[in-house]
Amino acid sequence: MITAGHLFLALLEGLVSGLVLALTALGLSLVFGVMRIVNVAHGEFFMLGAVIAWFFSTTLGSFGLALVAAPLAVGAVALAADRLVLRPVRYAPEATIVATIGLLYILQQLVLMVYGPYARPVDAPVYFRVEFPWFGYSGYKLVVAGLAALLLGATWLVISRTRLGLYMRATQQDPDVARAFGVPTERVYAASFALGAMLTAVAGALVVPIQQAHYLMGLDALLLSFMAVIIGGLGSLRGTLAASLLIGLIDGVVSVFFSPTLAKIVASALVALVLVVRSGGLFGEGAT
Amino acid sequence: MTARDRRAAWLHVAVLGGLLALQAVLPPFHHTMVARIMVLAAFAVGYNLLLGYTGLMSLGHAMFFAAGVYGAGLPVYYAGLGAGPAMALGTLAGVVLAALVGLLVLRTSGVAFLIVTMMFAQVFFLAALYFNPITGGDQGLVLTGRLPPVHLLGLELTAASPAVKYNVAWAVLAAGLLVAFGLVRSPAGRVLVAIRENEERTRMLGYNIFAYKWLAFVTAGGIAALAGAAYALLFSYVGATFASILYSIYPLLWTLMGGVGTTLGPLVGTGVMTYVVDVASGVTTSYLLVVGAVLVLLIMRLPAGVMGGVRHRWWRWLP
Chain Y
1 MITAGHLFLA
11 LLEGLVSGLV
21 LALTALGLSL
31 VFGVMRIVNV
41 AHGEFFMLGA
51 VIAWFFSTTL
61 GSFGLALVAA
71 PLAVGAVALA
81 ADRLVLRPVR
91 YAPEATIVAT
101 IGLLYILQQL
111 VLMVYGPYAR
121 PVDAPVYFRV
131 EFPWFGYSGY
141 KLVVAGLAAL
151 LLGATWLVIS
161 RTRLGLYMRA
171 TQQDPDVARA
181 FGVPTERVYA
191 ASFALGAMLT
201 AVAGALVVPI
211 QQAHYLMGLD
221 ALLLSFMAVI
231 IGGLGSLRGT
241 LAASLLIGLI
251 DGVVSVFFSP
261 TLAKIVASAL
271 VALVLVVRSG
281 GLFGEGAT
Chain Z
289 MTARDRRAAW
299 LHVAVLGGLL
309 ALQAVLPPFH
319 HTMVARIMVL
329 AAFAVGYNLL
339 LGYTGLMSLG
349 HAMFFAAGVY
359 GAGLPVYYAG
369 LGAGPAMALG
379 TLAGVVLAAL
389 VGLLVLRTSG
399 VAFLIVTMMF
409 AQVFFLAALY
419 FNPITGGDQG
429 LVLTGRLPPV
439 HLLGLELTAA
449 SPAVKYNVAW
459 AVLAAGLLVA
469 FGLVRSPAGR
479 VLVAIRENEE
489 RTRMLGYNIF
499 AYKWLAFVTA
509 GGIAALAGAA
519 YALLFSYVGA
529 TFASILYSIY
539 PLLWTLMGGV
549 GTTLGPLVGT
559 GVMTYVVDVA
569 SGVTTSYLLV
579 VGAVLVLLIM
589 RLPAGVMGGV
599 RHRWWRWLP
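Respectively, the protein sequence lines represent chains Y and Z.
Counting along the first sequence from 1, when you hit position 129 you're at 129 in the working numbering, and nothing is skipped either side.
With positions in the second sequence counted from 1, the corresponding number in the working numbering is that position plus 288.
Simulated from the structure, these hints should not be mistaken for lab results.
A couple of the hints might just be wrong.
Okay, the calculated beta carbon distance ranges per label pair [said to hold, decoys possible]: (1) Gly470/Z / Gly116/Y: 25 to 35 Å; (2) Pro475/Z / Thr261/Y: 54 to 64 Å; (3) Thr58/Y / Pro315/Z: 30 to 40 Å; (4) Ala459/Z / Met113/Y: 39 to 49 Å; (5) Gly116/Y / Arg295/Z: 18 to 28 Å; (6) Gly425/Z / Gly116/Y: 18 to 28 Å; (7) Asp174/Y / Gly305/Z: 52 to 62 Å.
Quick reminder that beta carbons are idealized off the backbone N, C-alpha and C, glycines included.
Go ahead and model the full structure; you've got the sequences and the hints to work with.
Right, dumping it as structure tokens:
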């Protein structure tokens, strides 16, 4: 029996996971748009964010501090990866894919070595319940949704209002022309890669109190972000945002009423078919 | 046949002959290792047709290997099917799957192709988990004792016997190499290389690009399924692991290691990496770290791979 309460819960869960996914996918979309590379290691930045957040909040005892430290640490890792691996292969599309697959395993296995094969939770920094007519809902999840929305807004401001954002948009349109006009494209690449990784890391850190931190959690994050980026149109930030919310909502509704595995199967098949029919994605301009 | 082709053909015969003779001297552990390597190398040889000769980078090749694994393994487990029909069924499953999936995924190119193949393989993997009661899901099914022995020339052959393992594995590799070598040397193979070098120009010359890519895709899928079927029967195990992303990345790794676009490269790459991974997994549970490190080092320092390097330095005629 489907009640209004069930549906409301499904939509609420969907909204929360959609906003978190939007943060993750926006990072991937940014890197794809500006640098024209597919970062297969993107999900590992999500995982690193979660694991580092666990580490800081258990050693320092402050989740708020962990929420700041995790993206900074992951941003540093991303900068190092850009400098040591991606720049030397000159961001060539196929070489970058292979290199980031390599990075995926390096990061994942290093975490396995140091952190171990455990799934560890962190206590939510705030604990209160929001009472709805049908059920009480975890207040922390609403805080996560709010923070995610705030960060998405901040990212939009950076891209549309700052010099860095201008450089990024110029590089996305035409790297050669941008370079000719004095845009330091290599530094823009590095900054975009780090910014994308940091957005994802925050998303990873935010979900630790809900999902626990585990060294294999990156793969799901990667596949979901791929879906969002594809459906939203490769390289289109607004499309990615819309698609993330859509995927979150659909996933929330379907998972409440059907098996999560079946939901994933249907979603993956649909995404593949969307790409086959419209290689630019649903909202994209048709160019890949 | 030109002198260059003859030389290349002799090299392949020598390599295969050498592998056949090797079983007489290998100690038991390495005997099984080399048998595994030969089956997996066939998988990589097929993959190389896509990556090396047609210029298509797929991240979903595991689904065809797994189609062979399940196509051969499930009938043996549930219906007690014999080895011959099971191998044929497994290979057929991969060919049919590749023919259908190929029709869809080949409409895309570049990044989209990579992601679409990955998504389709993920659908296959998740379906294997979802139909857990039939496939055994993650845990898989053990086939030991279920495969009826084959009677040939008065001999009773069982998959448990090391000699049978080795020689069947060798035959699978030989078949894969023969098909790949034949395709690459044929006029159709030249068109594939032309597509890799310049797709638009090849289209302008009047070739039906889609049909040639599809041919390569189905051939690669069929070879992968043959290898998968043999792997399931020889090593008596069927499981969803074979459809996971790792098994799509392995053939990429092996092919890059051995040399993209060389017929013998995948064999060399599979051999080296299987031993490296085996040694690493004895040292640490994080042995996939080696996989990551090798991928990064290869792409940065040796993008042509081992055989690509050999071709560049010494043997220009290497196919």
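- Message: Please list, smallest to largest, the hint numbers that this structure does not respect.
- Response: 1, 2, 3, 5
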